[in-house]
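From first to last, the protein sequence lines are chains A and B. When we follow the UniProt record's numbering, the leftmost residue of the first sequence carries the number 1, and every step to the right adds one. When we follow the UniProt record's numbering, the leftmost residue of the second sequence carries the number 1, and every step to the right adds one.
Derived from the structure by calculation, the hints contain no laboratory data. As the structure is a prediction and not an experimental result, all values here were calculated from the model. Check the hints yourself; a few may be wrong.
[To be verified] Simulated crosslink set (BS3-like; lysine-lysine; CA at most 25 Å straight-line):
(1) K183(B) to K25(A)
(2) K13(A) to K183(B)
(3) K25(A) to K13(A)
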Amino acid sequence: MTAYTATVTVRLKQGVLDPEAETTKQALERLGFELEGLRSADRFEVDLDADSVAAARERADEMAERLLANPTIHDYDVEVAER
Amino acid sequence: MTVAIIRFGGSNCDRDAERALAHLEIDAEIVWHEDGLPEDVTGVVLPGGFSYGDYLRAGAMAARSPIMAEVRTAAANGVPVLGVCNGAQVGCESGLTEGAFTTNESARFQCEHVSLRVERADTPWTAAYEEGEVIEIPIAHGEGRYEIDDDRLAELEAAGRILFRYCDENGDSTPEANPNGSKHAVAGILGDRDSVAVLMPHPERATLPDVGPTDGQGILRGLEQ
């Protein structure tokens, strides 16, 4: 078994309105910043032990499918690194 | 023989639902989620509130608690299930109904009375109304914007799964009458069966005559034994 950290990034699908990001963008503009757009995402860093990178990725994928992301509104990606 | 109002950590409309159902002389009791559904359950209410502090997403945690597997089984067996507000979010997160209720377009908590158009009057939840009737029910939510893939929404609409839409007092779903930016002004939807329904507005807050309009009574009557 090897110790890994699986980083799961969950973001809204393209085209799904993100009012929190829009509000944040407006707040940055009020502070005088210039920006064209802003997207937010949630990042989960999951420490786990697995036999291989593939096994760690598979488990993190399932975590995203079953809880961390809502497939109706979210896309997600998983990156695995040894820790 | 009783309706189970499921209390999760953070539910806060469970007692409102209990009082409203008592007013309608519908036998109901609050059930702590860890205790499971009573064997003689005749209906289920997923009440409003902030279960698990809305951690991760509103309704996400409660939707994955063991009692929800029991609720899905009961629903599949024809037991009526009503999800209100946070209960609607739990219903969608648990797969009882399709789509998602997410952050309001305004990014603000919206607490106001709204008009709803009854899209179907041939369900247990709407038998008291006429199709197209406009009823007044309060909302109180920060994450009530109905979101779903456009194609899937079209299929649900074609299949008659939309139960209520936000509208103005004339029954028109104008942008101004949509309090949260819900796609196609969807306020409430049905599950696979007509006996499963979720909605963001609070019928239990529009049932007792001493607190205002009572248009919500008809919805709760869907739980009559």
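Comparing the hints with the structure gives:
Distance check on the hinted pair: K183(B) and K25(A) sit about 23 Å apart at the alpha-carbon level, within 25 Å; holds. Proposed proximity of K13(A) and K183(B) is supported: the alpha carbons are some 15 Å apart, at most 25 Å. For the suggested pair K25(A) and K13(A), the alpha carbons sit about 18 Å apart, so the restraint of at most 25 Å is met.
In summary, this structure violates none of the numbered hints.
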